[in-house]
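Sequences listed follow chains A and B, in order.
Residue numbering for the first sequence follows this note's numbering, starting at 1 and increasing by one per position.
Residue numbering for the second sequence follows this note's numbering, starting at 1 and increasing by one per position.
Since the hints were made in silico from the structure, they are not lab data.
Be aware that a few hints might be false.
Unchecked claim - Just a few of them, taken from the derived set where beta-carbon distance is under 10 angstroms, the chain A residues facing chain B:
(1) PRO59
(2) PRO61
(3) ARG63
(4) GLU100
(5) ALA126
(6) VAL155
Just so it is clear, CB atoms sit at the ideal spot from N, CA and C, and this is done for glycine as well.
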Amino acid sequence: MTRDADQAVACTRLVYAFGETTAVDGLDLTVAKGEVFGLLGPNGAGKTTAIRCITTLLPVPARMVRVFGRDAAKDAMAVRRLLGYVPQQLSADASLTGRENVALFARVFDVPRKERAERVGQALTAVDLTDAADRLAGTYSGGMVRRLELAQALVSAPRLLILDEPTIGLDPIARTGVWEHINAVRAATGMTVLVTTHYMDEADQYCDRVGLMHHGRIRALGTPAELREGLGERRRAAGAAATDPLPTLEDVFRDIAGSGLDEKSGDFRDVRSTRRTANRVG
Amino acid sequence: MSEAPAAPRTASADRAREEGIGLLVQPPRPRAGWRVLPARVLAMCAVELQKLRHDRTELYTRAVQPALWLLIFGQTFTRIKAIPTQGIPYVDYLAPGIIAQSAMFIAIFYGIQIIWERDAGILNKLLVTPTPRSALITGKAFAAGVKSLIQAVVVIVIAALLGVALTWNPLKLLGVAAVVVLGSAFFSCLSMTIAGVVLSRDRLMGFGQAITMPLFFGSNALYPVSVMPGWLQAVSKVNPLSYQVDALRGLLLGTPDHLALDFAVLLVAAALGIAAASSLLGRLAR
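So that you can see chain B by itself, here it is in the shape it has in the complex (with noise of 0.2 angstroms):
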């Protein structure tokens, strides 16, 4: 067997200038400590930014449901009275509640995408750059926060139209942003943390299905807390949405609210969801 040859001259940074690639031959200056996470994040998010100027269908066709369910759903219930509603109608109590629902929606999918991410080479491609993994996931849940706001203003203009009695307190609204990011950072996790455990597509489409309509019922986005039985008030304990949507309700309607427990549990539960779909995105490289 023979030896490696020894080493041949590195062409000089001279000869890339010359081809008009000189940069190609000069490794940037890494960034370091806390610059490293933002930076990811904002690269994640300018991606499912220009994802979404490429092709904006899937903004119009998500639109569907939330406008039917206000349409149809709230209009009729509004008119029925027969859910208590702190003295407002029910399509503007509804109104939160659907703006979360589309938002968790697009966000519990994405373990889907991280998948077809693993199986296109996408995945290993990323982590294959300086990028923690924690990094990694971080940026993924903060893009699709921002693929919910879009979602969210979409579902926002809708029922400004349908006479929905909303804020427009730029400060509030900046927390209906704060709010809606950092609930579709939490599913998008739990997402990603099941994509980790099944591993495949076929497997994941059938959680997703299973999670989302008892995440959604077992909340407050229908019916306030207090008309569910006892076990699904316990429920509606536990599950983020209800803080969500209750945060919502209180920033975008003034109904009485919990804002401080509502970010506390919301920037809790992200941070968890991080944690873990970060330590099982290892699984995924395999």
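Extracted from the complex, chain A is given alone in its bound form (with noise of 0.2 angstroms):
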């Protein structure tokens, strides 16, 4: 078996520009298979971009992005074949039932019929959607959406669960019920998970890595704990007194992304599909 194979994602010097603008400028990433890693960074930084190219939604050269061992660019329906993608926004269809939103991933996922029903029963169930799986999706609460979006997601048995900002504009508790289901399906299943998230509290409890983005590039990578480490120590080294509390993960990220306004944050779009799913889960 190749390195690559055992590597979840593996970007080499990965580049994607929309005309003049390079979102992502040479990005080195690679994801082990099992762990829980998070992608950092401001608005505008190009986490979004970043995701959309491994989910083979944006055109990358071939070699530049390896899911699993296999060609983003020359392999597409094999890598989409092990993704379960959770966008940011809130993608469930209100119209359908829990149930069905469900069902329809099975479906495009070729889970034969005889076994749909059961599969999609447990992808619910996982989520503790069961006694709500009946209902409209118009009529869940954002944490539930957030849940069966991650049904939607799980019902193909995907050996990468990609997840965008899931709990952007979700109430403390139902953060924590996310997170919760999140970790009991990687328990039980030993799915790899990429996150994106702008909550530094929420990476640094749940990841087991994270990689600090800004400009298009990894600005920063390793645990939680390393890079607290890493800055506390950089500030004793600046003449900062070692009674001084440790630096948080949120000092970590000032501290590459700096605290300044940046014109490039992220453009109108990205901000209005943020505020557009922070208004509907709240």
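Fit chain to chain and form the complex, with the hints in mind.
The structure is reproduced here in structure tokens:
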């Protein structure tokens, strides 16, 4: 087995530009099988574009993106069969029931008819939505919709679950609920999780490793503890007192991204989409 | 920077089974070859039917306009006898045109639906499934056809209640269903193609409004091609709606038709529409 196949995701000098704007600028990233990897960064850092390249939504040249050893450019269909994807927007169809929403994804992933009902039932059980399965998704709370989307992603038994801002706009209890379900399913299935988030506390608590992106590249990579300790050491070397409080992951984020306003931090559509999602769940 | 850690031991399928989610560690066996397309088309059609089952409001509200066309326009022009209709009452002549119009009005706004699906993240999620773009568009086109077909049944019932002498030959009705589905597939693809160009709902609304009436009045839905001025006859010749209406009239009323040509034009138009909309779908995903 090649080293590529041991890695869930391998991006090699990934570049993606929209016209003259380079959103991802030479991204090198590997995600190991079975880990929960957090991709962090300010708006406009290139996280979502990187995710879209990995999910085959955006075309990339050959050998830049591999998922479990499969080239996203040459073997897009095989890559898609390995993925479960939850986009940032609330993407469940409000005019279908929870069960029908999940069944659609069972169908498009070729789950045979004789197995479909049971598999859909198991996906709904995994996210604790069995009792609400036959209600229209339009009647669900924000946290329930997120769990429903998780069930849609899980029904095809993906090896890599990709979540783009899965808890945006949710209250703390719903956020915890979503993460508990992600962790429980991951523990039971051994799948790899790649997640983007703006919530540093979530990244600190739930991610095995994080990569901090800024201006299209990874600027810091490691376990949350490694990144915090690294900043602490740099601060002490610069003269900070040993008794100063340990830096948080948010401090690391500010250290990398700066705290000033950045005119390139996310376009109008990104911000509108984020606000819409937050409004719909809130 | 740290190296990626060694992969932890994958949890066993036993554990997943113990937790009652054993199937969620077994990827389904992929379909291959020609079987992918019909499977995706069925999936999209099933969704459309499920939506209609949950909320029939659209079905009722969309029945109002064709009912008014048949009831007011059809009955009035039947009395006036101003339009040559090959010896049949005008309301009979009009009914197939109104069936085609209703189906087109449903299909032509599918582009708005696909832009809404893009904004809601549904489209991206579907594009990350093992569904070729052409299969996704074909699925949506046939889903529009299914929705239009249900609308056509409603219009046929209204026409029958108004005394229109329609055929009840099952084979001919099957032909009617095929014509409605093919026509709707083309018009939904036309709309999704425009969606792939304009990329916004507001612009597409404008385009939708701008093309539906010319398509309708530039066809044989209301009057025969022979009474049109020369330039409009030329428009009618390249308007797939004319071929749809011609086929519907021939099948439902038994008037002289060109069924082979009508079906050929609708098939080619639908295929070209699917190809065009599929090629532009990537623009919506960006």
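Against the structure, the hints:
Nearest Cβ of chain B to the Cβ of A:PRO59: about 7 angstroms, under the 10 angstroms cut. The hint holds. Hint status for A:PRO61: violated, given a least beta-carbon distance of 16 angstroms to chain B, over 10 angstroms. With its C-beta approaching chain B no nearer than about 19 angstroms, A:ARG63 sits outside the 10 angstroms limit, and its interface hint is violated. The beta carbon of A:GLU100 comes within 5 angstroms of a beta carbon in chain B, closer than 10 angstroms, and the hint placing it at the interface holds.
Hint status for A:ALA126: holds, given a least beta-carbon distance of 5 angstroms to chain B, under 10 angstroms. Here the hint on A:VAL155 is kept, as its CB sits about 7 angstroms from the closest CB of chain B, short of 10 angstroms.
When held up to the earlier numbered hints, the structure conflicts with 2, 3 and fits the remainder.
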